[in-house]
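S.K.: Listed below, chain by chain, are the residues.
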Amino acid sequence: MSASELRVMRGREWSRPVRPARREVLSAVPELEEGRPPLLFVPGFGHGAWAFAEHWLGHAASRGFPAYAVSLRGHGGSEPAPEATLRAYAHDVVQVAASLPRQAVLVGHGAGALVVAHALARYPARGAVLVAPVFGGWGVLGAALRRNPAGTLPAVFGGPLRLNRGQLFSRELPDEEARRYVGRLGRAGRRAQWALLGEPEAEPAVGAPPVLVLGSPDDRVVPASTLTRVARRYGSAPLLFPGMGHDLMLDARWAEPIDAILDWLEKEPVAH
Amino acid sequence: MSTSTDHGRPDPEATSPAANSEGRPVSDRGDTVCVIGAGASGLTAIKNLREHGFGVDCYERETGVGGAWNWRHDRSPVYASTHLISSKPFTQFPDFPMPDSWPDYPHHGQVLSYFERYADHFDLRSHIWFGTEVIRVQPVEGDRWDVTTRSTGGYGPERTARYAAVVIANGHNWSPKLPRYEGLEQFRGEIMHASSYKDPAQLRGKRVLVVGAGNTGCDIAVEAAQQASRCWHSTRRGYWYAPKYVLGRPADQVNDTLLALRVPLRVRQWLYHWTLRLTVGDLTRFGLPKPDHRVYETHPIANSQLVYYVGHGAIGPVPDVARFHPYAVELADGREIDPEVVVFATGYLPRFEFLDASVFSDSAGAGRPTLWLNAFTPGHPTLAVAGLLQPDSGLFTLSHWQTVLFARLLQARRDRPERATAFAQRVRERAGERYSGPVKDSSRHWFEVGHADYLRAIQRALVELEGK
Numbered sequence: 001m002s003a004s005e006l007r008v009m010r011g012r013e014w015s016r017p018v019r020p021a022r023r024e025v026l027s028a029v030p031e032l033e034e035g036r037p038p039l040l041f042v043p044g045f046g047h048g049a050w051a052f053a054e055h056w057l058g059h060a061a062s063r064g065f066p067a068y069a070v071s072l073r074g075h076g077g078s079e080p081a082p083e084a085t086l087r088a089y090a091h092d093v094v095q096v097a098a099s100l101p102r103q104a105v106l107v108g109h110g111a112g113a114l115v116v117a118h119a120l121a122r123y124p125a126r127g128a129v130l131v132a133p134v135f136g137g138w139g140v141l142g143a144a145l146r147r148n149p150a151g152t153l154p155a156v157f158g159g160p161l162r163l164n165r166g167q168l169f170s171r172e173l174p175d176e177e178a179r180r181y182v183g184r185l186g187r188a189g190r191r192a193q194w195a196l197l198g199e200p201e202a203e204p205a206v207g208a209p210p211v212l213v214l215g216s217p218d219d220r221v222v223p224a225s226t227l228t229r230v231a232r233r234y235g236s237a238p239l240l241f242p243g244m245g246h247d248l249m250l251d252a253r254w255a256e257p258i259d260a261i262l263d264w265l266e267k268e269p270v271a272h
Numbered sequence: 273m274s275t276s277t278d279h280g281r282p283d284p285e286a287t288s289p290a291a292n293s294e295g296r297p298v299s300d301r302g303d304t305v306c307v308i309g310a311g312a313s314g315l316t317a318i319k320n321l322r323e324h325g326f327g328v329d330c331y332e333r334e335t336g337v338g339g340a341w342n343w344r345h346d347r348s349p350v351y352a353s354t355h356l357i358s359s360k361p362f363t364q365f366p367d368f369p370m371p372d373s374w375p376d377y378p379h380h381g382q383v384l385s386y387f388e389r390y391a392d393h394f395d396l397r398s399h400i401w402f403g404t405e406v407i408r409v410q411p412v413e414g415d416r417w418d419v420t421t422r423s424t425g426g427y428g429p430e431r432t433a434r435y436a437a438v439v440i441a442n443g444h445n446w447s448p449k450l451p452r453y454e455g456l457e458q459f460r461g462e463i464m465h466a467s468s469y470k471d472p473a474q475l476r477g478k479r480v481l482v483v484g485a486g487n488t489g490c491d492i493a494v495e496a497a498q499q500a501s502r503c504w505h506s507t508r509r510g511y512w513y514a515p516k517y518v519l520g521r522p523a524d525q526v527n528d529t530l531l532a533l534r535v536p537l538r539v540r541q542w543l544y545h546w547t548l549r550l551t552v553g554d555l556t557r558f559g560l561p562k563p564d565h566r567v568y569e570t571h572p573i574a575n576s577q578l579v580y581y582v583g584h585g586a587i588g589p590v591p592d593v594a595r596f597h598p599y600a601v602e603l604a605d606g607r608e609i610d611p612e613v614v615v616f617a618t619g620y621l622p623r624f625e626f627l628d629a630s631v632f633s634d635s636a637g638a639g640r641p642t643l644w645l646n647a648f649t650p651g652h653p654t655l656a657v658a659g660l661l662q663p664d665s666g667l668f669t670l671s672h673w674q675t676v677l678f679a680r681l682l683q684a685r686r687d688r689p690e691r692a693t694a695f696a697q698r699v700r701e702r703a704g705e706r707y708s709g710p711v712k713d714s715s716r717h718w719f720e721v722g723h724a725d726y727l728r729a730i731q732r733a734l735v736e737l738e739g740k
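Residue numbers (this note's numbering), protein chains in the order written: chain A, 1 to 272; chain B, 273 to 740.
Pulled out of the complex, with its shape left as it was, chain B reads as follows (with noise of 0.2 Å):
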């Protein structure tokens, strides 16, 4: 199982004297694979890499495991309250499940104890550095890759290593995304991201307004409705809040079933209406805007608590905001309100701030690259991105078989030249495909994928990859 690359690490003074373009000393590092970060999607890159016999190098900028799902780092989004949205079977790796004594919606506590156990149990940590950042990746010639490390806060030397492959699992919810407004500046209350939101004492006692309605905007309009003296809850368009548990069971368990028996979409749109209408109703009552798409065509927004409080009174749902004034700001309707705290939960975008935007042809640089299966790129056949997904259901799964699937594709390269040949023309041809319904188009949506369309489309370029 072991191979000769196992535990070294890269060191330019020991290796090959190969340089790159600019003169500098690049450490050759073989086979051997790149992943960048050790969130969800790189643990799993790492151990589904090494299962399939590949050597990996992972680098990780913060001192743990866990990326996002690890509050102690700068750059987890996660609140003190955080929980799963989907429930335990669809979101587990397929083959290391949660453990049973774990409720169906975990907390973001036993999700990061979820993934240092599954690091020490495939043993994975040896293969990490910890505290480095990949500062530059760039195609060489022979699609191999030159990776540019250095510690992370921009100490130390840099370093350069080249390798056969690179996954890209740098994760997408840490780059907040913060609207424009008119008079924003002039604002005299506080502003702040949600990604700095972490525990509700910050909103204790106070005029809150919450922007935005995606999950973590309805989590924290829920916690403000329970510790802050007023809450607004301001969303651009009526959303569908879908209750946690319906007829009994995890709302997504009832929806595989559906999706398990192949019930075309309309017919599980109308269903999902149906058991919206005998749960909570018709929610324009409260004041909350019509919805102007079916559901399944946005993000699903998991919460079943936030109807309750505005039922209660306790969340006043609110319009987009049109403009800030110093002390107030003015709704689109033309009211306005007087909160002390604005949140702004308007969410993340992907950045690749380590790769040449030709690399993804993104030549905007929008974070927005065109890709196959959201993980492969076209004229870069070592090259995949893990994690690039907003699943309608948990994303470690498709972040195994993403894995999965790229670790075949370089045994493929090698073993069966002419598969990976015929895989690499599949990519140019599909590169843009989408896996879902019919999806409002925002920078939030453009990588909104349905789980099963989404997986069902892995199996299919598994077996094209290896045929029958």
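Isolated chain A, as found in the complex (with noise of 0.2 Å):
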């Protein structure tokens, strides 16, 4: 990151902070402590903390990892904030990391990337891992248009944004679970869903974190050319899971990428 990059001066955040919100972490630590770093997740628009204490959490933490998550303002178990913004959430996601016992590394799935991505100015990340990045646009906003318009046109008029089972889960998932989960999705602030028709540009990320980028080439709300254009953002290709929905979490295969974001992490520097 080159110095014309760097914001030392942040008058508005220092004149006017976020206002706190009371947040939901979910966790899950291995029994023994083996000095990985801690891994927080950090969910999309519309989903908690919950989508991934059903399976990631323990997952990691059965590997050695400790595992949290957050429920970023108005979403899951938090605190309701229906004017929350973009910069609202990233507070959120700084607040959960720097609270954690070690340096973290943060792992956002959907629109929850984006988040990630603007924590990363803010607090140096032992690494960053961008699951199925919804990182705004209009060619995101054309693509679920055209899948799901009843759901997604509300949104553009500060409705809320309602995803489908189509749009998350491959047909692998069994539909009883995947009602379940679509019942369980709530709605981010309004101000935040139209922040991501702007394209929001994160700042460059403090600390010069490794960035992992994944996804799957079947994903409805994830174009692959956008994957592609994220990741090579961050100097890297996409690691991809095809056949799988954009919860990838939750979808019948989720052992599959969150193995290979672990994997990764023992294998880049940052694990040791």
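FYI, nobody ran anything at the bench for these hints, they're computed from the structure. Built from N, CA and C at the ideal position, the CB exists for glycine as well.
Derived list of chain A stretches under chain B, where covered just means 3 residues or more per stretch with a C-beta under 8 Å from a C-beta of chain B:
1) 12 to 25
2) 89 to 103
3) 121 to 135
Reconstruct the complex from the two isolated chains, following the hints.
M.R.: Set out below in structure tokens:
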């Protein structure tokens, strides 16, 4: 990162700090402390920490990584926050990351990956993983309108964004489970939803963390071209899991991506 | 992320046979950087140097981190009730926020726990030698430094290690500055400097004179107002006592709203005077002297309670002390008062007792080096001072960016030497620059900086160092 992109002056953030909100943090920690870096999972819009508590938290802990998941304000068990902004979400992530005992790896899913990208400018993470990242822009809106016009259109006017089963999961996931998950979805603040349209550019990360991007070529929310573009921004190529839906942490073959993430962390020098 | 020098300890027996000018063995620590002190500035120096890939040895004379903010340390100036005077957003490190659950103005105990968490979170303790004091820092050829240490208190042998660079973060609030007064030796009452004031119990039921209107002096006067049987507060001049909250928000956040909009100083001064007029009004009616300067021209005093207790008659404002008599204190206006305890909240002076005064071209040895950005020394490109600032805001953010700049300078020395040379040239040209509006000069105010002016200067220095 060059110095011209470093932001030293943050007048607005100093003079108008984000208002605190009660946050839900779920966790699963290994029985034996192995000195591995903690993972902090950040769900995308509409999802809460529960989405990771379902499979990934326990799996990461079973492989020796202390795992935490936060519900962004207004989601899951966190405090309601209809006027939440992207900046408030990033604040939530940095707050939780800084409260962990050691330097954390941030794992963001969907729009949560965008929140992580913003948080990386305010917290020197040990590493970052962007899972099926939704970085906004008209392309993503177009895809969503095509697949699910009734669920997407209200969001343009400040209403809730309603994702459906077809967008989130592959056919392999049993119907009953899929219905249960879709039923638990909430909504993000409208200002945060609108922010997605503007394709908000994240500041460069501090502390030069290694970044892994992964997703599915069959994701109905994030086009494969977006995956490639995001990965290129961080100087790599995306890791692909064909046949899976957007919610890689809930879909039938949820173990494959999390194992790939943990393998990557073990190989990267960051894990030691 | 790791380097070969990570957990190594300088061990004269095990390493190279180099020797210094006195023929004593020196262990060569290669590219490792030495950080002196593990207080706020030292910790962020370790963290940022490590983040930029450098090995670090930090020497800390005490047995814990936190420096001045650790009340267990014998050089710590904090007292039981010390609270921050800048609100959280201005105080925390920019990349490690204080918890949302903390108040706007945290207590010093919380600040210490913040540093302890910072040290653990970024695994800094393994780079710190606790209980080790630095007794000599000498420049040697190749812009390297010989650092001689021994156990705190003078026990054990001296050891010398050679470093590629040195960050001095020894703090500036530990060496008390005591004014001289005629007859002070004959005074029969108790005299203490604010550095040895720890607890309001020391004042309970006594007649107390507090000298000095810095933030500490005002805090102690307020405590004396609650505990002592009588309290006088002696100030040399009139000051602006800023409330900690205005317009329903922490005052510094309101001020920075204006700074962010780049409202000119004159306008901000006018607004400030106007706000004070609306809240506490004219202070001279309480007997406080009229300020002889405009606001923002001295270090700001943030204390909502001082004026409150003056208004309740619990604090008697008095002018400067003229001389001491055995059982009385004569004031500049001829009045005599009879305190049992005199607390001098007259500040501290920076000291670099381990460094030859010639390094800082500070021939008078007054602890007043001529630096650029209060950090960089002409002629010594691998030496930086961190935290030698008296900001109108929190210090830690400023120390953070100072050490980021230094880490990037060291990177440039390695990768793009021509840029480092240009930087050294700028250090020579601009040493002594000030980063605040007009400031009343005293030994306290020479390193006074406005946080916005200073951080903008750091940002420019970063951009100039690395180019577009």
